[in-house]
Structures are given as structure tokens and as C-alpha cells.
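Undergrad: Here is how the chains run, residue by residue.
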Amino acid sequence: QPVLTQPPSASGTPGQRVTISCSGSRSNIGSNYVYWYQQLPGTAPKLLIYRNNQRPSGVPDRFSGSKSGTSASLAISGLRSEDEVDYYCASWDDSLSGYVFGTGTEVTVL
Amino acid sequence: QVQLQQSGPGLVKPSQTLSLTCAISGDSVSSNSASWNWIRQSPSRGLEWLGRTYYRSKWYNEYAVSVKSRIIINPDTSKNQFSLQLNSVTPEDTAVYYCARDLDGLDAFDIWGQGTMVTVSS
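Sequence lines, in order, name chains A and B.
Numbered according to our numbering, the first sequence terminates at residue 110, and the numbering increases by one at each position without gaps.
Numbered according to our numbering, the second sequence terminates at residue 122, and the numbering increases by one at each position without gaps.
Note that these hints are calculated values from the structure, not bench results.
The C-beta atom is built at its ideal place from N, Cα and C for all residues, glycine as well.
Keep in mind that the hints are not guaranteed to be accurate.
[Said to hold, decoys possible] Across the chosen pairs, the derived CB separations fall in these ranges:
| no. | chain 1 | residue 1 | chain 2 | residue 2 | range |
| --- | --- | --- | --- | --- | --- |
| 1 | A | Glu106 | B | Thr119 | 19 to 29 Å |
| 2 | A | Glu82 | B | Gly10 | 47 to 57 Å |
| 3 | A | Ser77 | B | Gly8 | 37 to 47 Å |
| 4 | B | Gln85 | A | Ser77 | 15 to 25 Å |
| 5 | B | Asn32 | A | Arg26 | 28 to 38 Å |
[Stated by the list, open to error] Derived coverage of chain A by chain B (criterion: at least 3 residues anywhere in the stretch with Cβ under 8 Å from a Cβ of chain B; other residues may be distant):
| no. | segment |
| --- | --- |
| 6 | 32 to 38 |
| 7 | 80 to 86 |
So that you can see chain A by itself, here it is in the shape it has in the complex (with noise of 0.2 Å):
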């Protein structure tokens, strides 16, 4: 079972703002980098944010992440109909020796 916990929906209007949040602990968030990716239906994750809050080349501005203590947050401006899709938060956990994913957010465009 998923380690990190998000909300399992999020949604918002074309051009709104739309945070989702990512709980964890101390052993994996309150200690180590939180990464975001977004996946399409059918496809691989695609990395969003890596190290809390860096994009990679070609992620869109409108994406933007942060960390407070246990929890990270993933935000969208200006949403966009594309933005549509499934995000999940992810760490390393010391106490598992491990990797740990979020349990998911889908995203709705209304």
C-alpha cells in the first residue's frame, strides 16, 4: 500500500489555480527530496518536479512545488484542460530503505 497520502480528486476551472497536497512522516518526506509526476491514461509517469520544487527541461512554469515538515504540495496555475490527468508525490524513506509513491490525485477539468 501506498506510503504517502494525497486526496484522490482535485478539480478546478480553465484557467484556476489547483493544489494537491501529499502527506508523509519523518522517515521519508521530513527527510529526504519529494518528487511529482503526472501520468497520462495507459502511459509511464512522467517526471513533473524533482528536489521539492525544480522542473526539468520542457515542464511548463505552471507547475511549481513545495515542502513544509512532513508534507509537499503540488500546484497547477492557469489550468488547462491537458492538466487533466493522474499526479503522484514520491520519496525515499530511511526506514524503509526504499522508494515510497503517493496514493494518486486525479485532476478534473469543470
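Use these hints to put chain B onto chain A, whose structure you have.
TA: Only chain B this time, still in chain A's reference frame:
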């Protein structure tokens, strides 16, 4: 451009061994700045990291606690690929399996294979 190409059977019988291969192009399995991972995804278990292999003057393997007793990840330098073996599978191992690169400096899975749906059934 780095690409990962997965291959392997989509159907495995219970108690048998699941075997998948991930061929690397545009990078090297022996790279000193990357690690090579297996991750799976199922509706019941979500995304689950299974383990990785990497070379830092010698070979290292790290495995998830949940599968540690049943898993082997092997690099194959002659073919520039790495493989997954998961023994004694049960229907709970039914999932889409992905290989992925974890690059130093990103510390994240930046390149993924296309995914292989593996069903465990008799």
C-alpha cells in the same frame, strides 16, 4: 536521447518466476551517475518501487522490503540491459511493470520504459 525498451511475457502461472528485461539505449547500465529501477503499478497496490541496480566502482542492488525474499535485479553489461526476476508469484503480483532510470543530480525517475502488463493466472 535515452530510451528504455521492455520485453518479457505478459502471462505467468502462480508459483512460477516473472522475468522481464529492460534494454537501454543512449546511456550505459554501467554508468557511474545513474541507477536502474523496476517499479510496478496495480489498482490494489498503486505505484510500488521494487528495487534497483547501479554501478559505483562495483555493483550494488537494493530491494524493497515487500519483495526482498523473492526478487533479483541483474545488470547485463554485454547487452547494455538489466533484468527483473520475481519468484513464487501470486495473483497479487499482477500489475503493469516499468523499468526506469534514476539520474544523479535529479534523484528522480526521469526516463521510463513503456510498461509491461503482467498477469499471474493459471
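Undergrad: Closer than 8 Å, Cβ to Cβ, for at least three residues: run that test on the segment 80 to 86 of chain A against chain B and report holds or violated.
TA: violated (count 0)
Undergrad: For serine 77/A and glycine 8/B, compare the CB-CB distance with the range 37 to 47 Å and indicate the outcome.
TA: 41 Å, holds
Undergrad: Range hint 15 to 25 Å: satisfied by the CB atoms of glutamine 85/B and serine 77/A?
TA: 44 Å, violated
Undergrad: For the hint 28 to 38 Å, verify it against the beta carbon of asparagine 32/B and that of arginine 26/A.
TA: Roughly 31 Å apart at Cβ, these two residues keep to the hinted range, so it holds.
Undergrad: Lying within 47 to 57 Å: is that true of the beta-carbon distance glutamate 82/A to glycine 10/B?
TA: With a Cβ separation near 30 Å, glutamate 82/A and glycine 10/B fall outside 47 to 57 Å, so the hint is violated.
Undergrad: Given a hinted range of 19 to 29 Å, is it respected by the beta-carbon distance of glutamate 106/A and threonine 119/B?
TA: 24 Å, holds
Undergrad: For the segment 32 to 38 of chain A, count the residues whose Cβ lies under 8 Å from any Cβ of chain B; is that count three or more?
TA: With 3 residues in contact (Cβ-Cβ under 8 Å with chain B), the coverage given for the segment 32 to 38 of chain A holds.
Violated hints, listed in ascending order, are 2, 4 and 7; each of the other numbered hints is respected by the structure.
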